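Asks: Make the full structure from the sequences, and use the hints.
Chains as they are written, first to last, in UniProt numbering: chain A, 1 to 353; chain B, 1 to 265.
To be clear, the hints were calculated from the coordinates, so they are not data collected in a lab.
Some clues are possibly wrong.
Here are the simulated DSS-like cross-link-like pairs (lysine-lysine), alpha carbons at most 30 Å apart as the crow flies [claimed, not checked]:
1. A:214 to A:258
2. A:109 to A:77
3. A:77 to B:89
4. A:222 to A:212
5. A:77 to A:214
6. A:212 to B:89
Model, not experiment: these values are computed from the prediction.
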Amino acid sequence: MEQEVIIRFDGVTKQYDGLVVLDWVSFEIERGKFYTLLGPSGCGKTTILRLIAGFTEPTEGTIYFHGQPVNHVPANKRQVNTVFQDYALFPHLNVFENVAFGLRVKKMKEAEIRDKVAEALQFVNLQGYETRNIQEMSGGQRQRVAIARAIVNEPEVLLLDEPLSALDLKLRTEMQYELRELQRRLGITFIFVTHDQEEALAMSDQIFVLNKGKIEQSGTPKDIYDEPVNRFVADFIGESNILAGRMVKDYLVEFAGKQFTCVDYGFQENEQVDIVIRPEDLEITAPDRGKLRVRVDSQLFRGVHYEICCYDENGNEWLVHSTKKAEVGEEIGLYFEAEAIHVMHVKDGDDEK
Amino acid sequence: MRRMKWGNVYLIFVFIILYTPIFYLLFYSFNSGGTMHHFQGFTLEWYKEVFHDTRLLIIVLNTLIVALLSALISTVLGVIGALAIYYVKSRQVKNTLLTFNNVLIVSPDVIIGASFLILFTIAGIKLGFVSVLLSHIAFSVPIVVLMVLPKLQEMSPTWIDAARDLGANEWHILTRIVLPFITPGIFAGFFMALTYSLDDFAVTFFVTGNGFSTLSVEIYSRARQGISLSINALSALLFLLTIVLVAGYYWISQKGSRLYGMWKK
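Replies: Given below as structure tokens:
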């Protein structure tokens, strides 16, 4: 099946009072996929959303919808709907009227409005709540009303601006499943903004990792987690051990004072690199059987695993996730597979692949 | 605990001072003796007199018409003004406009009245109903602005984004989001304007002409001619009306959210 590009950003730059929020960003959004814009606060992810929605115009560059430039098309003329962070439900209207709002301004017939609203409310499991006031709804229910209000307009793209951040952990996890499920059932494109990397990994087809107004990396959750392109991405996506090292030659890297075989190649000889080993890829063994010899500094019980913090003889910190317990002060060995080592260029570079 | 007590005593004292003259007036409006120092017996004679005084009733009617009209017009103007101030982007312009608005509220009525008198004379507007109405509108508009503006500022900016996102144009946003939300403020402004207009003496005194008078001006001129307890009766009725209006204002600001229903289809 050929994927159809709905939205294309071409060299989009956005400045607010001379401050660059988005810096020459280009990407494509395809039909029917779940995208996540992931990054720390102030990285420009919400700005991208506002640009797509049409609340603001790019300073430079062009945004295309189905190949047509839409820089100056106002928000109310775009086939895009948004679920806001604070839901932005209208307090003077009840649930039915909130959902019906978009249809009413389009002057749809009353009977049709009733059918569509009922259908949308059913989609988010809120049948029977039509006459409730917004004030009587819980946070999770308001969230659903906001989603229903957006999808009732049958947008091609649904934008979600950190919609789960106001919910408690349990509800948030539930909503992650529901949103993913909803996206599959509707078959439309979702663009989800979050600063929570677990949320992004769990839900997305494609993740854009943003930092300081630039896209650092885009790819599937697995790509991003296993093959981060640089230190920022590796650090932002989950906990990791990041060390400076040297690529001796193909398949051989040196760090922590030793040389290790790895699966990475295509670097210059003796290039300075950053290496990443995820804490769950480190295995605790006897001191003489490990590839590294470390001393346990502290240990936290995290429920699913122990989080063990160790130092090697060179003073590098090693974070280990293990179901086995270690003794603080004990000397242990750390074993890892060659595949567990991930080598990255030190400078921001996308040319690794 | 002790401090609370003294605070209460002080509060009661202040209220007694404020309300004693009014209740004194009310009390003697029922006096059959015809004076305000010796209560002889209960009578409704003075009220009867008020209701038989055609001239007075016409003035009451005038007062009500001026109050309602000026409140209505100033509410419309005030809401437009508040919206304009709300939509102004520059902080400085916003503050300047607000200051101009507030100066009108705090400046003494005598000065406003005198300046209107000069203005109307220069402009050649005949003193009477029109001049009174115009001046009442003028001093009511800032009050309405001040009542409506906080309600506008309470609005979440994302509501407007959300409405636009759902396809609403500026007109939809105004009529379906902004106005319904600020309705309690609009009503509060209307009632405030109404009471201000009903009460006003100083400004009206300046700009009223021959053959047209409002209640407060009439009471003043009658009180100067000599004491008749029908004035007390009239004052009592006026006081009652004011109480009702204030109660109405509070009811609206308390139960404000119920008014949203009015805008539903």
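Asks: Next step is simple, just say for each hint if it's right about the structure.
Replies: Comparing the hints with the structure gives:
With a CA separation close to 35 Å, the supplied pair residue 214 (chain A) and residue 258 (chain A) exceeds the 30 Å bound. Of the pairs offered as hints, the one joining residue 109 (chain A) and residue 77 (chain A) holds, with about 20 Å between alpha carbons and a cut-off of 30 Å not exceeded. Restraint check: the Cα-Cα separation between residue 77 (chain A) and residue 89 (chain B) comes to about 24 Å, which is no more than 30 Å; the hinted pair holds. Between residue 222 (chain A) and residue 212 (chain A) the CA atoms are separated by roughly 23 Å; this keeps the pair inside 30 Å, and the hint holds.
This hinted pair checks out: residue 77 (chain A) and residue 214 (chain A) have alpha carbons roughly 28 Å apart, not beyond 30 Å. Of the pairs offered as hints, the one joining residue 212 (chain A) and residue 89 (chain B) holds, with about 28 Å between alpha carbons and a cut-off of 30 Å not exceeded.
Violated hint: 1 only; the structure is consistent with all others.
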